[in-house]
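*Asks:* Listed in order, the protein sequences are those of chains A and B. When the count follows my numbering, it moves up by one through the first sequence with no breaks and lands on 328 for the last residue. When the count follows my numbering, it moves up by one through the second sequence with no breaks and lands on 325 for the last residue.
Since the hints were made in silico from the structure, they are not lab data. Predicted model, so just to flag it, every value in this text is computed and none were measured. Don't be surprised by glycine CBs; every beta carbon is placed ideally from N, CA and C. One or more hints might be untrue.
Claimed, not checked - Stretches of chain A that chain B covers, calculated by requiring three or more beta carbons in the stretch to come under 8 Å of a beta carbon on chain B: (1) 33-41; (2) 176-187; (3) 202-208; (4) 313-321.
Unchecked claim - Far from chain A, by Cβ distances over 10 Å, these chain B residues were calculated: (5) TYR34; (6) ALA126; (7) ARG163; (8) LYS251.
Claimed, not checked - Below are the DSS-like pairs computed for lysine-lysine, each with C-alpha atoms no more than 25 Å apart in a straight line: (9) A:LYS82 x B:LYS302; (10) B:LYS302 x B:LYS251; (11) B:LYS302 x A:LYS92; (12) A:LYS299 x A:LYS270; (13) B:LYS251 x B:LYS278; (14) A:LYS92 x A:LYS327; (15) A:LYS186 x B:LYS39; (16) A:LYS269 x A:LYS192; (17) B:LYS278 x B:LYS302.
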Amino acid sequence: MADTSLSTDKLLDMYRTMQRIRQFESRVRDIFQEGQIPGFVHVSIGEEASATGVAAALTEQDYITSTHRGHGHLIAKGGEVKPMMAELFGKKTGYCKGKGGSMHIANFDLGILGANGIVGAGLPIATGAGLAAKVRGSGEVAACFFGDGASNEGTFHESLNIASSWKLPVIYVCENNLYGEFTAGKDVTSVKDIADRARGHDMPGVVVNGNDVVEVYEATSEAVERARKGEGPTLIECKTYRWEGHVVGEEAFLGKRSYRPADEIEAWKKRCPLITFEQRFMPDTFSQEELDTVQSEVKQAIDDAVQFAQDSPYPQPEEALDDMFSKE
Amino acid sequence: MRELTYREALREAMAEEMERDERVFLMGEEVGHYNGAYKVSEGLLDRFGERRVVDTPIAETGFAGVGIGAAMVGLRPIIEFMTWNFSLCAYDQLVNNAAKLRYMSGGQITLPIVFRGPGGAAHQLAAQHSQAVESLYAYVPGLKVVAPSTPADAKSLLKTAIRDDNPVIFIEGEVLYGRKGPIQDEEYQIPLGQGEVKRAGQDVTIIAWSKMVHAALDAATELAKEGIELEVIDPRTLRPLDDRMIFDSVKKTNRCIIVEEGWPFAGLGAEIAYRIMKEGFDYLDAPVVRVTGEDVPMPYAKNLEHEVFPGVEKIARAVRNVLYS
Ligand SMILES: Cc1ncc(C[n+]2csc(CCOP(=O)(O)OP(=O)(O)O)c2C)c(N)n1
Ligand SMILES: [Mg+2]
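When you get a sec, could you build the whole thing from the sequences and use the hints?
*Replies:* Printed below as a string of structure tokens:
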């Protein structure tokens, strides 16, 4: 068994990260609706525990790949909220100088190999990072976030086969929120649990409560240990739920139609990752006051990030042509 | 005459063809219960049922290839890509199977299949969601490529494409879905390979398709104020190409600009410019000029996107350039 005992510091860090994701995403939703952010924005409210629990089991040197719904993954892996927010505003101070936007935020210094606008595109990339770690013998692992929908793409199956055949240090993290865009997974997917697909590739497949940060952390720690020992990849399926629409503002084109039952949404809100944490650790480990302090510190940080993004300059027009080829 | 949006025109075309021919069916991501990501297939599931309006998993290689297989044994699938960007996941199926199976088998089969969906940039969707892919497909022998600019063209050409016994790449303008236009009530058929003069003029020929037709028409309105008369011609089908219309126009104006949203290198405009040079060299009073997207992926920031996109100002600049004014 991996050593998964959690110090109170670590626990509080995880709570802070979840708060940061929740508040970042909520603010992004609001300012998108005010028209301050363009494009497509996919928020991960309700899915904070999977991002946080996975990243908490990694080191700064380890890698992640993310998705179109990636803000939470990035924050969990150490992404700063200021340059993230600035990127969403298309500002020069953003992580990608305003060139990427929500679906393409990346920070390679933090091992964040990028959000990705193409469903399933991160799977081979994470597998490649795992291959590099193995070839170099440098000991990193790669954690790959993807959705239930993405697990129906060819890249999922091709990547798992490669990683298992070559015993690569990769953790495949499926955030199963029951839906692709508007189609329920059960209508287009051959298995009930995505984790069952691990068997076809001869690797462990585990299902966890994706809204319980500790459970996610423990499962990931075990997978990381396996990966670092050269025993190969693991598929972890986090059962979770997105509270918001597939994209922010989808109500405008949904009309009166609903693709999700209201009681389903309500039931999942009761299983909120933050509340799950609070119920478990309050008051024995943390007082209400301690957690409230975290919450208000995070609020300040998000306020500052929005201010920073608003105050930042746009890129210069001619920068459109930069960054194409390495000049070395 | 009625007014329809581009979206409604496409929907009518599919519904009429599905009504007319049992073998026609629609398959793609979110086309059924959700009524289409861009609502083109709204109501079709209710009308034709789950057997003929099929929601797929997110598996482009899979469902594109599944469509090809169904076409090989007698059905006439319409495959919707949620956007053409995602067709790149299925490029192998389109290029190695759809385009080649008839030829490789010595002409044994027909492959009546339409791949359709929105193409081109919308607003700040960034690099992976803002691509004009027509040149990638027009390059491939065995594929026909259509990119209509108006509701009337969209409706008729989609019907023609569905009735065609060959694979057709049908690229809709993502930003054109809400655009309205007149549609005649009686059935009319535009053949593939027939363009249309969208505005007559004698000074400079502008060749454009899909949403760039509208940019060209806007430029024409602007420049008419200065007494410059542009002739805007829309090939509508990019392969086969209406060479006749293009040469006739260039012979009249002696100057030509090709406007395309996609990248410059090896883009369709290069082929068109070559054809004009080869057939109409003696008629040209200035080199053919291309107005294209810049040679970079689409950036996200609004001002950078504007910089990269080939809009009205760039067309107007090119016009002055070929007029030496
Ligand atoms: C290759 C590809 N196909 C389709 C899309 C459009 N699309 C964006 S997100 C999405 C749903 C993804 O579902 P899932 O993997 O479950 O992730 P979730 O959105 O639920 O987090 C789809 C179909 C895309 N971006 N890329
Ligand atoms: Mg999902």
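*Asks:* Beyond 10 Å from every Cβ of chain A: is that where the Cβ of TYR34 of chain B lies?
*Replies:* Check fails; 4 Å does not lie beyond 10 Å.
*Asks:* Would the non-interface assignment of LYS251 of chain B survive a Cβ cutoff of 10 Å against chain A?
*Replies:* With a cut-off of 10 Å, LYS251 of chain B remains clear of chain A, as the shortest Cβ separation is near 37 Å.
*Asks:* Given that the segment 202-208 of chain A was listed as covered by chain B, double-check it with a C-beta distance under 8 Å for 3 or more residues.
*Replies:* Result for this restraint: violated, n = 0.
*Asks:* Closer than 8 Å Cβ to Cβ for three or more residues is the test here. Does the segment 176-187 of chain A pass it with chain B?
*Replies:* holds (count 5)
*Asks:* Using a Cβ cutoff of 8 Å, are there at least 3 residues of the segment 33-41 of chain A near chain B, or does the coverage claim fail?
*Replies:* holds (count 3)
*Asks:* Over 10 Å to the closest beta carbon of chain A is the bar; see if ARG163 of chain B clears it.
*Replies:* At about 30 Å from chain A, ARG163 of chain B clears the 10 Å cut-off, so the statement holds.
*Asks:* Holds or violated: LYS302 of chain B and LYS251 of chain B, Cα atoms, limit 25 Å.
*Replies:* Violated. LYS302 of chain B to LYS251 of chain B sits at ~39 Å, over the 25 Å cutoff.
*Asks:* Non-interface claim for ALA126 of chain B: all C-beta distances to chain A beyond 10 Å?
*Replies:* Check fails; 4 Å does not lie beyond 10 Å.
*Asks:* Is LYS82 of chain A within 25 Å of LYS302 of chain B, Cα to Cα?
*Replies:* Since the Cα atoms of LYS82 of chain A and LYS302 of chain B sit roughly 19 Å apart, the hinted pair holds (cutoff 25 Å).
*Asks:* Compare the distance between the alpha carbons of LYS269 of chain A and LYS192 of chain A with 25 Å, and conclude whether the hinted pair is satisfied.
*Replies:* Judged against 25 Å, a Cα distance of about 22 Å means the pair holds.
*Asks:* Below or equal to 25 Å on CA atoms is what counts here, so check LYS278 of chain B against LYS302 of chain B.
*Replies:* Not satisfied, since the Cα-Cα distance of roughly 39 Å exceeds 25 Å.
*Asks:* Regarding the pair LYS251 of chain B and LYS278 of chain B, is the alpha-carbon distance no greater than 25 Å?
*Replies:* Holds, at roughly 13 Å.
When the structure is compared with the earlier hints, violations turn up for hints 3, 5, 6, 10 and 17 and for no others.
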